[in-house]
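Enquirer: Each chain, written out:
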Amino acid sequence: EAEVAQSPRYKITEKSQAVAFWCDPISGHATLYWYRQILGQGPELLVQFQDESVVDDSQLPKDRFSAERLKGVDSTLKIQPAELGDSAMYLCASSLHSGDGTDTQYFGPGTRLTVL
Amino acid sequence: KQEVTQIPAALSVPEGENLVLNCSFTDSAIYNLQWFRQDPGKGLTSLLLIQSSQREQTSGRLNASLDKSSGRSTLYIAASQPGDSATYLCAVNQAGTALIFGKGTTLSVSS
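These protein sequence lines are chains A and B, in that order. With my numbering as the guide, the letters of the first sequence map in order to residues 9 to 124. With my numbering as the guide, the letters of the second sequence map in order to residues -12 to 98.
Heads up, a few of these hints could be off.
Stated by the list, open to error - From the derived model, a few chain B residues whose C-beta atoms are all more than 12 Å from chain A:
hint	residue
1	Arg48
2	Ser72
3	Ala85
To be verified - The calculated lysine-lysine pairs, modelled on BS3-like cross-linking and capped at a C-alpha distance of 27 Å, are:
hint	chain 1	residue 1	chain 2	residue 2
4	A	Lys70	A	Lys19
5	B	Lys(-12)	B	Lys90
6	B	Lys55	A	Lys23
7	B	Lys90	A	Lys86
8	B	Lys90	B	Lys29
9	A	Lys23	A	Lys70
10	A	Lys86	B	Lys29
11	A	Lys86	A	Lys19
12	A	Lys86	A	Lys70
13	B	Lys90	B	Lys55
14	A	Lys79	A	Lys23
15	B	Lys55	B	Lys(-12)
16	B	Lys90	A	Lys19
17	B	Lys55	A	Lys70
18	A	Lys70	B	Lys90
19	A	Lys79	A	Lys19
20	A	Lys19	B	Lys29
To be verified - Restraint ranges, calculated between C-beta atoms of paired labels, are given here:
hint	chain 1	residue 1	chain 2	residue 2	range
21	A	Lys70	B	Ala66	26 to 36 Å
22	B	Ser95	A	Asp71	34 to 44 Å
23	A	Leu47	B	Pro69	22 to 32 Å
24	A	Glu91	B	Pro1	24 to 34 Å
25	A	Gln67	B	Asn5	19 to 29 Å
26	B	Glu2	A	Val62	39 to 49 Å
27	B	Pro69	A	Lys70	40 to 50 Å
28	A	Leu124	B	Ala(-3)	37 to 47 Å
29	B	Ser33	A	Ser95	35 to 45 Å
30	A	Val62	B	Ile(-6)	28 to 38 Å
31	A	Ser95	B	Asn50	35 to 45 Å
32	A	Asp82	B	Arg59	23 to 33 Å
33	B	Gln(-11)	A	Leu47	20 to 30 Å
Rather than coming from a laboratory, the hints here were simulated on the basis of the structure. Beta carbons: idealized from backbone N, C-alpha and C, even for Gly.
All chains, full assembly: derive it from the sequences and hints.
Expert: The following block contains the structure:
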C-alpha cells in the first residue's frame, strides 16, 4: 500500500541552528500539506501546496520557516534559525484532490523535532 | 472561524465495553469530516471519512455518524480492546482546504 514518506523521523538540534525536513507524498497526489502538532494539541496547518504552487501559507512563520515543492512531487520544510518553541511533531499529508468530497488526507509518520 | 471540540479529553474503559467519542464543530459548511487514530509519537491513521451528504460510515467495529446541521459527529467503538488504546482525532474539511482538528480524545482500554 502506498504511503507518505518523511525523513528524518527524529531530529535534535540546538537553538539557532538550521533544520530541514523532507516529505515524499503518495504518487499522483496533487495536494501536499505540512502540519505542526504540539504535544497535547491537534495538528495545525503550516503550508498547503497544489502541485508546485503554494495555496495557503497564512500560518507559516515566514521569518524563519520556508517550504518548497519545486517539481510538484516531494517537498522540503526548513527552519532557520530554530527556536525552543519549534519543538513539535511535523506531519506531512497528501491527498488526490479529486474535488468531489471524497478526499482522504493520508499522513506520514512525522518528524519529531526537539530544540535544545 | 471554524473551531472543533472533542469531549471527553480522556477516557478509560475496561475491555469489552462499547464507547462513544464526541466531536463538535462551529461552522456547518463542511466538505467532509474525518476521524483519525494516533498512537504515541506516531503519525495519523485515517479511520473513517464522512462526506457532507452522508449520515454515517462503518468500518469493522467503528461507526461514525455526522449531523451537519447541529455540528456534531460521534465515533462509536464496539467491544473495545486494549489495542484500541490511542488518541482519536476529529477533523473537518471546508471546501477542499486543510483539515481543522480538535485536540483529540485519549482512550485507554484496560484488560
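Enquirer: Hints the structure violates: just list their numbers, smallest first.
Expert: Hint check: 3, 6, 14, 17, 21, 24, 25, 28, 29, 32 fail, others pass.
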